[in-house]
Amino acid sequence: MENKNILMQADHSRSRLMKEKAFLWIVVFFSVITISPIILIIWRLIQKGIHQLSFSFLSKTTPDAFEAMTAVAAGERIPGGIVNGITGTLLMVALAAIIAIPTGLISGIYLYENPGKRLANLIRNVADILQGVPSIVLGLISYLWVVRYVTQGFSALAGSVALSIMMLPMIVRSTEETLKMIPITIKEAALALGVPYHKVILRVLIPTSFSGLSTGILLGISRIIGETAPLMLTALGSTAINWDITKPTSAIPLLVWEFYNNPYMVDMIWTSSLLLMIIVLSFNLMSKQIGTKRK
Amino acid sequence: MGNENIISVNNPILSVRNLTVAYDHVPAVKDVTVDFKKNSVTAIMGPSGCGKSTLLRAFNRMHELYENIETTGTILMGDVDIMKMPTIKVRRRMGMVFQRPNPFPTMSIYDNVISGYKLNGIPLKKSDKDEIVERSLSDVALWDEVKDSLNKKGTFLSGGQQQRLCIARALAFNPEIILLDEPTSALDPIATSKIEDLVVKLKENYTIIMVTHNMSQAARISDYSLFMYLGELVEYNKTKIMFTNPKDRRTEEYLTGKFG
Ligand SMILES: Nc1ncnc2c1ncn2[C@@H]1O[C@H](COP(=O)(O)OP(=O)(O)O)[C@@H](O)[C@H]1O
Ligand SMILES: [Mg+2]
Chain A
1 MENKNILMQA DHSRSRLMKE KAFLWIVVFF SVITISPIIL IIWRLIQKGI
51 HQLSFSFLSK TTPDAFEAMT AVAAGERIPG GIVNGITGTL LMVALAAIIA
101 IPTGLISGIY LYENPGKRLA NLIRNVADIL QGVPSIVLGL ISYLWVVRYV
151 TQGFSALAGS VALSIMMLPM IVRSTEETLK MIPITIKEAA LALGVPYHKV
201 ILRVLIPTSF SGLSTGILLG ISRIIGETAP LMLTALGSTA INWDITKPTS
251 AIPLLVWEFY NNPYMVDMIW TSSLLLMIIV LSFNLMSKQI GTKRK
Chain B
296 MGNENIISVN NPILSVRNLT VAYDHVPAVK DVTVDFKKNS VTAIMGPSGC
346 GKSTLLRAFN RMHELYENIE TTGTILMGDV DIMKMPTIKV RRRMGMVFQR
396 PNPFPTMSIY DNVISGYKLN GIPLKKSDKD EIVERSLSDV ALWDEVKDSL
446 NKKGTFLSGG QQQRLCIARA LAFNPEIILL DEPTSALDPI ATSKIEDLVV
496 KLKENYTIIM VTHNMSQAAR ISDYSLFMYL GELVEYNKTK IMFTNPKDRR
546 TEEYLTGKFG
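In order, the protein sequences belong to chains A and B. Under our numbering, think of the first position of the first sequence as 1, with each following residue one higher. Under our numbering, think of the first position of the second sequence as 296, with each following residue one higher.
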C-alpha cells in the first residue's frame with residue numbers, strides 16, 4: 001500500500017510541479033491587480049496635483065468663482081487654497097473623536113466585562129449593524145436630530161455627530177477585542193494585590209492594551225477623515241475658516257466635491273485629494289507602527 | 296474533626312472550617328477543614344483537577360470575583376473571619392503567586408515590586424520605595440541580578456527571574472502568608488531549585504502554603520503536606536510522616552505513583 005503510494009507520487013510529481021508553477025503565477029497576477037489601483041491612484045494624484053501644491057494652497061481659503069475663472073482664462077495658477085477645508089476637517093474630526101472615543105472605550109470595556117449579558121449582546125449587535133449603515137444615512141439621521149433641533153441650521157456639530165456614529169462601532173469592537181487579548185493572569189495579579197476592580201481596569205488593563213486601543217482609534221479616525229456624504233447633509237460647507245461648531249463648516253472632502261462641480265476649479269481636485277490621501281495614509285501608517293511595536 | 300488522617304495544629308495562623316467551593320453548583324472543594332501552622336511550608340498535593348487551586352484561591356477570596364462560584368464555610372486568620380475583613384486587607388496579609396509568572400508588562404522592575412502600593416494609590420516616600428524595592432528583591436535573591444536595570448520592563452527578565460519578581464511583589468506588602476500555586480511548573484530545573492531554596496528561606500518570616508503536583512518537591516521543601524482527591528481533603532500530616540507512613544490507601548497509591 002505504502003509503496004504504491006510512493007510510486008503514484010513519483011508519477012504525478014511532474015504535473016504537480018507544473019500545477020504549482022501555474023498556481024504561483026496566478027497568485028502573482030492577482031496580487032498585482034490588487035495593489036495596482038492604489039499605486040495608480042497615488043501616481044495620478046501626484047502627477048496632476050503637485051503643481052497646485054504650494055504654501056498659499058495650504059494657507060488661503062477657497063477662491064470665489066470669478067477669481068478662479070479669470071485665472072483659468074489667463075492661463076494662470078488658480079489663486080487661493082483649501083485652508084477652510086483643512087481647519088474644518090480638523091475641527092469636525094476632533095469633535096467626532098471627543099464624542100466617540102470615551103463612549104466607545106466605555107462600551108468596549110462593558111462588553112469585555114459582561115460578555116454574556118443581554119445588554120452586551122444588544123450593544124454588540126447594534127455596533128455590527130451600525131458598521132453596515134451607509135454613511136449618507138448617518139448624515140440624514142444627524143440632519144434630523146442636530147441640524148433641525150440642536151443647532152437649527154447646518155453646523156460642524158451636526159457633521160461631527162454623523163462622523164462619531166460612524167467611528168463608534170469600530171472603537172467599541174476594537175476595544176473589546178484588544179482587552180480580550182490580555183492574559184487573565186495579569187488581571188488576577190492586580191486583583192490579588194487587593195486592587196479594586198475599577199482601578200484594575202483603569203491602571204492595568206487600559207495601559208496594558210494601550211497600543212491596541214490606539215490602533216483602533218487611529219483606524220477609526222482615518223476612516224472618517226475622507227467621508228463626504230454625511231457632511232453634505234450636515235456641515236454643508238463654508239468658504240471661510242470657521243471654528244464655531246454651531247455654524248456651517250467646510251472639510252477637505254467637501255471641497256473636492258465642490259471643485260468637481262465648478263468647471264474653473266476642477267484642477268484643485270487633484271491637489272486636495274492628494275492632501276487627503278497623505279493624511280489618511282499617515283494615520284494608517286501610524287496605527288500600523290503602533291500595532292507592530294507591541295511584541 | 297474526628298478524622299485520624301487529619302492532624303490538628305496549635306496556634307494556627309489560618310483556620311479553614313467546612314469550606315466548600317462550587318463552580319456552577321458543582322462542588323470542586325468539599326467540606327474541607329484544616330489548620331495551617333505559622334512559619335512553616337505546607338504543600339497541597341493531589342492529582343490534576345482535584346481542587347488544589349480552588350482551595351488555595353478561596354483563602355484570599357479570589358472566588359468572589361466570579362459570579363458562578365459559590366463559597367461556603369469559614370476561614371479564620373487568628374480569630375478574625377476573613378469574610379468580615381476588607382478585601383484589600385485580606386489580600387495584603389496573604390500574598391499570592393501564580394502558576395505562570397505574571398509581572399505587569401507595562402511596568403519596570405522597580406514599579407512591579409511596589410505595584411501593590413501604586414495600583415492601590417497608597418502614597419510612599421521615595422526613600423521608602425527604594426527601601427521596599429531593595430529589601431523585597433534581596434529577599435528573593437534577585438537584587439544583585441537586577442539592581443542596575445531596575446528601570447527595564449519586568450517582562451525582559453527570564454521566566455525564573457520573573458517568577459522571583461512576582462514573589463518580591465507579594466513580599467513588598469509585608470504579608471503574613473504567601474500562597475503559591477504551582478509556582479515552578481512553568482520553569483526549568485535550575486530556576487525551579489532557586490525558587491525551592493527561596494521558599495525554604497522565606498518560612499523564617501512568612502507562612503508558606505504551596506500547591507504542587509510534584510511529589511518530590513513537596514518532600515524536599517515542605518514541613519506539612521495535605522493530600523486532596525476529588526475535592527476532598529484525604530490526609531493532612533507532617534510531610535515526613537505522610538511520605539513514610541500514609542494512613543489512607545488513596546494517599547499511598549498517589550505517593551507510589553499509581554495515579555496522578
Ligand atoms: N473557572 C472554573 N469554572 C468551572 N469549573 C472549574 C473552574 N476552575 C476549575 N474548575 C473545575 O474544578 C475542579 C478543580 O479544579 P482546580 O482547583 O483547578 O484543580 P487543580 O488545581 O487541583 O488542578 C476541576 O474539575 C475543574 O474542572
Ligand atoms: Mg491548579
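It is possible that part of the hints are untrue.
[To be verified] Quick list of in silico lysine-lysine cross-link-like pairs, PhoX-like style, CA-CA up to 25 Å:
1) K496/B x K325/B
2) K442/B x K384/B
3) K553/B x K332/B
4) K199/A x K420/B
5) K496/B x K442/B
6) K533/B x K384/B
7) K542/B x K187/A
8) K496/B x K553/B
9) K180/A x K553/B
10) K187/A x K496/B
11) K447/B x K384/B
12) K447/B x K199/A
13) K542/B x K553/B
14) K489/B x K199/A
15) K199/A x K553/B
16) K187/A x K384/B
17) K332/B x K187/A
18) K496/B x K199/A
19) K447/B x K187/A
20) K333/B x K199/A
21) K187/A x K379/B
22) K288/A x K448/B
23) K199/A x K542/B
24) K533/B x K333/B
25) K553/B x K533/B
26) K199/A x K384/B
27) K384/B x K413/B
To be clear, the hints were calculated from the coordinates, so they are not data collected in a lab.
Do the hints match the structure? See the list:
1. K496/B x K325/B: With Cα atoms ~32 Å apart, K496/B and K325/B exceed 25 Å; violated.
2. K442/B x K384/B: violated (30 Å)
3. K553/B x K332/B: violated (30 Å)
4. K199/A x K420/B: holds (21 Å)
5. K496/B x K442/B: holds (21 Å)
6. K533/B x K384/B: violated (30 Å)
7. K542/B x K187/A: violated (40 Å)
8. K496/B x K553/B: violated (32 Å)
9. K180/A x K553/B: Violated: K180/A and K553/B sit about 40 Å apart, past 25 Å.
10. K187/A x K496/B: Measuring from Cα to Cα gives roughly 29 Å; hence the hint is violated.
11. K447/B x K384/B: violated (30 Å)
12. K447/B x K199/A: holds (24 Å)
13. K542/B x K553/B: holds (16 Å)
14. K489/B x K199/A: violated (33 Å)
15. K199/A x K553/B: violated (47 Å)
16. K187/A x K384/B: holds (18 Å)
17. K332/B x K187/A: violated (30 Å)
18. K496/B x K199/A: violated (34 Å)
19. K447/B x K187/A: Roughly 21 Å separates the two Cα atoms, so the pair holds.
20. K333/B x K199/A: Given that 25 Å is the threshold and the Cα spacing comes to 32 Å, the pair is violated.
21. K187/A x K379/B: holds (24 Å)
22. K288/A x K448/B: holds (23 Å)
23. K199/A x K542/B: Between K199/A and K542/B the Cα gap is close to 48 Å, so the pair fails against 25 Å, i.e. violated.
24. K533/B x K333/B: holds (14 Å)
25. K553/B x K533/B: Holds - the C-alpha atoms of K533/B and K553/B are around 22 Å apart, at most 25 Å.
26. K199/A x K384/B: holds (16 Å)
27. K384/B x K413/B: holds (16 Å)
Comparing the model with each numbered hint stated earlier shows that hints 1, 2, 3, 6, 7, 8, 9, 10, 11, 14, 15, 17, 18, 20, 23 do not hold.
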